[in-house]
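Based on the sequences and whatever the hints tell you, model everything.
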Amino acid sequence: MGIVRTALLGLIAVFGVSAASAQDYKAALVTADTITVGTSGSAPPFSMTNAAGELEGFDIDVVNLVAKQLGLTAKFEKLDFAGLLPGLTAGRFDLIASGVTRTPERLASKDFFLLSPYIVNGAAVTRREADADIASWKDVCGKTMGAVRGGAFQKVAKEKLPADCVTKSREYPGATELFLDLENRRIDFAAHDFLGPKYLAKSGKLTGTVTLDDLLSTVTQSVAVSNKNKPLADAIDAQFETWRKDGTLKGLADKWFGASIDWSKAQ
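Numbered according to mature numbering (1 follows the signal peptide of the UniProt record, and there is no 0), the sequence shown spans residues -22 to -1, 1 to 245.
Derived by calculation from the structure, the hints in this document are not laboratory data.
Pairwise CB distance ranges, derived in the manner of DEER restraints:
1. Glu32 <-> Glu137: 32 to 38 Å
2. Lys223 <-> Asp142: 44 to 50 Å
3. Ala5 <-> Gly120: 51 to 57 Å
Derived pair list, reagent style BS3-like, types lysine-lysine, alpha-carbon separation capped at 30 Å:
4. Lys46 <-> Lys88
5. Lys206 <-> Lys4
6. Lys138 <-> Lys176
7. Lys183 <-> Lys56
8. Lys176 <-> Lys228
9. Lys136 <-> Lys146
10. Lys53 <-> Lys4
11. Lys183 <-> Lys228
12. Lys133 <-> Lys121
13. Lys176 <-> Lys136
Beta carbons: idealized from backbone N, C-alpha and C, even for Gly.
Shown next as structure tokens:
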């Protein structure tokens, strides 16, 4: 019996959580045997909608892998980014996945569990190719800024830049609308992440723009889990730890972003 028990414990360590803990997180799911996931569908390449109307992206792959590992089915619901955290705290979702930045305020919140990093990113300027006068963050003062409503990067910009630097700004429900207005000259620059627009440019979905390598700050991102289901948060966190070590997350990042990522900061 000792040999059998040791073998079983080894299998649990390798393949996932115990049956008891599985029952714990399954009991608190919004829908039985299903992870109900809130996502924007407009945060490429984290979460985006393809020509067939299907969700795809880094977050979609991560959550589908999590669901498979935990013996669950993932059900995605689209919502503007600004509504995702309120929807999570209201009990509409088990988790949200849309490139959620791990800010101090979010990490300190008791309304949800913001998990350990699954990617390293940064606050970057994206501007039109022709606007070479914007060569770094110090050149944005007096310009009209665009940012995603409820996102972290607008707040980072306002906190890090001089108080009177950016006086005009516009907010958008998602990155799709943000970059469309940048292309149409309704804003001078986008305060957004580094990886997203790099992907869009590489894939030909965003043209005539430049994303500067000058980062205002380096950030980590992850998924947020309902505070009503700590066993689920713990199970996913444990999986992320394994995937950071075995290269699974880096492989997904290389697939979707293709940009340089400093994984030493994702600890």
